[in-house]
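The whole structure should be built from the sequences, with the hints applied where relevant.
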Amino acid sequence: MKTAITYGTFDMFHIGHLNIIRRIREHCDRLIVAVSTDEFNAGKGKKAFIPFEDRVEIVKACRYVDKVIPETSWEQKREDILREKADIFVIGDDWKGKFDHLSDICSVMYLSRTPGVSSTMLRKIRASAPDE
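Under the working numbering, the first residue of the sequence shown is numbered 41, with each subsequent residue one higher.
None of these hints come from the bench; they were simulated from the model.
Hints may contain errors.
[Said to hold, decoys possible] Quick list of the computed label-pair ranges, beta carbon to beta carbon:
#1 R62 with F89: 17 to 25 Å
#2 K42 with G83: 25 to 33 Å
#3 Y104 with D134: 18 to 26 Å
#4 K138 with T112: 15 to 23 Å
#5 R118 with M41: 15 to 23 Å
#6 K86 with I109: 15 to 23 Å
#7 G137 with K86: 18 to 26 Å
#8 A101 with R63: 15 to 23 Å
#9 K138 with E66: 21 to 29 Å
#10 S143 with A101: 30 to 38 Å
#11 M41 with K84: 31 to 39 Å
#12 K138 with P110: 17 to 25 Å
#13 I55 with W135: 18 to 26 Å
#14 K100 with E66: 16 to 24 Å
Keep in mind the model is a prediction, meaning the values are calculated, not measured.
Even glycine gets a Cβ: it sits at the ideal position worked out from N, Cα and C.
The following block contains the structure:
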(Lines of atoms letter the chains of each structure in order from A and count residues from 1; the text may use other names and numbers.)
(Lines give C-alpha, C1' and ligand atoms only; values in the text may rest on other atoms or scores of the structure.)
Protein backbone atom coordinates (compact mmCIF):
# COMPACT_ATOMS: atom_id res chain seq x y z
CA MET A 1 0.00 0.00 0.00
CA LYS A 2 1.54 3.31 -1.11
CA THR A 3 1.04 6.51 0.85
CA ALA A 4 1.50 9.99 -0.62
CA ILE A 5 1.66 13.31 1.19
CA THR A 6 1.20 16.81 -0.16
CA TYR A 7 1.10 20.33 1.25
CA GLY A 8 -0.76 23.50 0.41
CA THR A 9 -2.93 26.35 1.56
CA PHE A 10 -5.95 25.18 -0.50
CA ASP A 11 -7.57 28.61 -0.28
CA MET A 12 -10.75 29.17 -2.29
CA PHE A 13 -10.82 25.47 -3.28
CA HIS A 14 -11.00 25.30 -7.07
CA ILE A 15 -10.63 22.90 -10.00
CA GLY A 16 -6.83 23.18 -9.88
CA HIS A 17 -6.83 21.90 -6.30
CA LEU A 18 -9.16 19.05 -7.22
CA ASN A 19 -7.07 18.14 -10.27
CA ILE A 20 -3.79 17.91 -8.37
CA ILE A 21 -5.36 15.91 -5.53
CA ARG A 22 -6.97 13.54 -8.04
CA ARG A 23 -3.70 13.14 -9.93
CA ILE A 24 -1.76 12.47 -6.73
CA ARG A 25 -4.27 9.78 -5.81
CA GLU A 26 -3.48 7.99 -9.10
CA HIS A 27 -0.01 7.30 -7.64
CA CYS A 28 -1.05 6.02 -4.20
CA ASP A 29 -3.57 4.06 -2.15
CA ARG A 30 -3.62 6.56 0.72
CA LEU A 31 -3.36 10.34 0.50
CA ILE A 32 -2.46 12.70 3.33
CA VAL A 33 -2.93 16.43 2.75
CA ALA A 34 -1.25 18.99 4.99
CA VAL A 35 -3.18 22.26 4.98
CA SER A 36 -1.25 25.42 5.90
CA THR A 37 -2.47 27.08 9.08
CA ASP A 38 -3.35 30.77 9.12
CA GLU A 39 -0.37 31.41 11.43
CA PHE A 40 2.05 29.62 9.08
CA ASN A 41 0.67 31.58 6.12
CA ALA A 42 1.07 34.85 8.06
CA GLY A 43 4.73 34.00 8.59
CA LYS A 44 5.07 33.62 4.80
CA GLY A 45 3.38 36.99 4.27
CA LYS A 46 0.21 35.30 2.97
CA LYS A 47 -3.38 35.66 4.12
CA ALA A 48 -5.91 33.05 3.12
CA PHE A 49 -9.41 34.22 2.25
CA ILE A 50 -10.97 31.09 3.79
CA PRO A 51 -10.11 30.37 7.48
CA PHE A 52 -7.93 27.34 8.26
CA GLU A 53 -10.70 25.32 9.94
CA ASP A 54 -12.96 25.71 6.90
CA ARG A 55 -10.16 24.84 4.46
CA VAL A 56 -9.49 21.65 6.47
CA GLU A 57 -13.17 20.64 6.29
CA ILE A 58 -13.30 21.31 2.54
CA VAL A 59 -10.19 19.19 1.89
CA LYS A 60 -11.44 16.42 4.23
CA ALA A 61 -14.66 16.25 2.20
CA CYS A 62 -12.75 15.37 -0.97
CA ARG A 63 -13.16 11.65 -1.65
CA TYR A 64 -9.52 11.29 -2.73
CA VAL A 65 -8.18 12.44 0.66
CA ASP A 66 -7.72 9.99 3.52
CA LYS A 67 -6.26 12.26 6.18
CA VAL A 68 -5.72 15.98 6.72
CA ILE A 69 -3.02 17.36 9.01
CA PRO A 70 -1.98 20.96 9.76
CA GLU A 71 1.10 22.47 8.13
CA THR A 72 2.66 24.72 10.74
CA SER A 73 6.27 25.04 9.51
CA TRP A 74 8.58 24.39 6.57
CA GLU A 75 10.65 22.03 8.70
CA GLN A 76 7.88 19.54 9.54
CA LYS A 77 7.87 17.76 6.18
CA ARG A 78 10.62 15.24 6.99
CA GLU A 79 9.00 14.36 10.33
CA ASP A 80 5.54 14.06 8.72
CA ILE A 81 6.86 11.76 5.98
CA LEU A 82 8.51 9.48 8.54
CA ARG A 83 5.57 9.49 10.99
CA GLU A 84 2.97 8.83 8.26
CA LYS A 85 5.23 6.33 6.47
CA ALA A 86 4.75 8.23 3.20
CA ASP A 87 6.31 6.66 0.14
CA ILE A 88 5.82 9.72 -2.07
CA PHE A 89 6.05 13.47 -1.44
CA VAL A 90 4.10 15.37 -4.11
CA ILE A 91 3.85 19.10 -4.76
CA GLY A 92 3.20 21.43 -7.68
CA ASP A 93 5.94 21.89 -10.25
CA ASP A 94 6.29 25.56 -9.35
CA TRP A 95 8.36 24.15 -6.44
CA LYS A 96 10.52 21.99 -8.74
CA GLY A 97 13.84 21.13 -7.10
CA LYS A 98 12.99 22.75 -3.75
CA PHE A 99 12.21 19.47 -1.99
CA ASP A 100 14.72 17.13 -3.64
CA HIS A 101 16.48 16.86 -0.24
CA LEU A 102 13.59 14.62 0.88
CA SER A 103 14.47 11.98 -1.74
CA ASP A 104 16.61 10.14 0.82
CA ILE A 105 13.43 9.06 2.65
CA CYS A 106 10.78 8.89 -0.12
CA SER A 107 10.14 9.55 -3.79
CA VAL A 108 9.69 13.23 -4.63
CA MET A 109 7.25 14.11 -7.40
CA TYR A 110 6.43 17.51 -8.90
CA LEU A 111 3.13 17.68 -10.78
CA SER A 112 2.11 20.37 -13.23
CA ARG A 113 -0.62 22.75 -12.13
CA THR A 114 -3.90 23.32 -13.94
CA PRO A 115 -3.34 26.18 -16.39
CA GLY A 116 -5.38 29.34 -16.00
CA VAL A 117 -6.56 28.91 -12.42
CA SER A 118 -5.06 29.70 -9.03
CA SER A 119 -6.20 31.09 -5.71
CA THR A 120 -4.07 34.18 -6.39
CA MET A 121 -5.87 34.76 -9.69
CA LEU A 122 -9.28 34.27 -8.04
CA ARG A 123 -8.40 36.79 -5.29
CA LYS A 124 -7.43 39.36 -7.92
CA ILE A 125 -10.69 38.85 -9.81
CA ARG A 126 -12.68 39.14 -6.59
CA ALA A 127 -10.83 42.30 -5.55
CA SER A 128 -11.61 43.99 -8.87
CA ALA A 129 -15.28 42.93 -8.94
CA PRO A 130 -17.90 45.48 -7.87
CA ASP A 131 -19.59 44.83 -4.52
CA GLU A 132 -23.05 43.34 -4.76
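**Request:** Could you tell me which of the numbered hints above are not met by this structure, giving the numbers in increasing order?
**Result:** Of the numbered hints, all hold.
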